[in-house]
Amino acid sequence: MTSITGNASFGMLKPLNVLYRTHEMVASGLSQGQQVFATPETQMGFHPDAGASFYLSRLPGYLGEYLALTGEKLNGVEMIACGLATHYSLTARLPLIEERLGKLITDDPSVIESSLEQYGDLVYPDKRSVLHKIETIDKCFCHDTVEEIINALWLSAARFLGGQDCPNMVHDPDQGPPSRRGKRPMPIKLPGSMDKILQYSTFSENEASSSYDEWSATALKKLKEASPLSLKVTLRSIREGRFQPLDQCLAREYRISLVGITKRVSDDFCEGVRARLVDKDFAPKWDPPSLGEVTKDMVDCYFTRLNEFEPELELPTALREPYM
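When the letters of the sequence shown are read in order and numbered with the working numbering, they come out as residues 618 to 941.
Heads up, a few of these hints could be off.
[What the hints assert, rightly or not] In silico DSSO-like pairs for lysine-lysine, Cα to Cα no more than 27 Å straight-line:
| hint | residue 1 | residue 2 |
| --- | --- | --- |
| 1 | Lys744 | Lys838 |
| 2 | Lys756 | Lys913 |
| 3 | Lys902 | Lys838 |
In short, the hints are calculated from the structure, not lab data.
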């Protein structure tokens with residue numbers, strides 16, 4: 618269900634002229650910033666699937682958790698910067714790329730890579746890009762639970778609104794802003810692969826302090842709109858994906874999808890589809906309705922191995938992906 622589109626309408630999908638690490642797509646329009654990448658599944662009571670827990674968990678820092686939980690969008694340039702895409706090309710070069718790839722008689726990634734590099738364009742993120750907030754994203758989304766992530770977002774907003782540092786906050790995420798308590802934040806993993814790209818930008822994170830309260834508020838709003846159960850399932854899926862190869866990630870996502878579709882624990886997926894795609898009232902009635910009511914047993918059910926009547930997904934990875 619990962620969204621890769623150049624138009625807000627579900628009926629007007631456009632392929633991208635970026636080449637992904639797991640898929641290759643070429644077309645027009647990206648140079649105008651019309652195409653976007655997003656994983657909005659938590660807003661529909663589902664979870665990022667189709668290998669999302671594999672590639673999102675391998676993005677710099679905790680950017681993958683941020684994208685998976687909030688459903689935030691990235692444009693083609695941002696995808697290049699964070700490593701989600703491998704190549705970017707302007708529309709005028711696409712016929713040359715297609716011709717070059719069409720003449721190849723090998724699937725050796727190194728040969729394909731050298732061919733694409735001849736036609737790639739060098740691009741950098743816009744000064745308003747969320748990637749300039751990567752340090753704050755890491756500080757907020759590095760935590761072990763959704764509740765702690767929400768606490769950290771409130772803390773981030775309070776720091777920039779109040780103009781001073783303050784202790785971490787602990788609260789019920791479903792009851793608005795937290796009360797202040799002296800709780801030490803967790804260690805942060807700093808991003809690495811984006812440094813060289815972002816250093817060429819004319820915009821620094823320190824210059825953007827006035828936008829942080831808006832960013833935090835937007836992230837909190839998206840989390841509040843999402844299915845509480847989906848948020849917890851998704852966070853665990855991304856975290857497990859950090860330590861698993863692609864085939865294991867796909868098998869786990871298949872397991873999670875079956876539990877969600879069959880309504881074994883909750884009917885949030887059906888409710889999310891109703892609210893966003895059928896009735897379009899954008900007012901889903903999640904079950905459970907709050908994070909505090911989502912139990913560990915509920916989440917565990919999505920990760921339990923299937924029984925004999927529902928065989929596990931087995932992929933011929935060694936045969937199909939010789940270069941992975």
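A quick look at each hint next to the structure:
{"no.": "1", "hint": "Lys744 - Lys838", "in the structure": "holds (23 Å)"}
{"no.": "2", "hint": "Lys756 - Lys913", "in the structure": "holds (24 Å)"}
{"no.": "3", "hint": "Lys902 - Lys838", "in the structure": "holds (16 Å)"}
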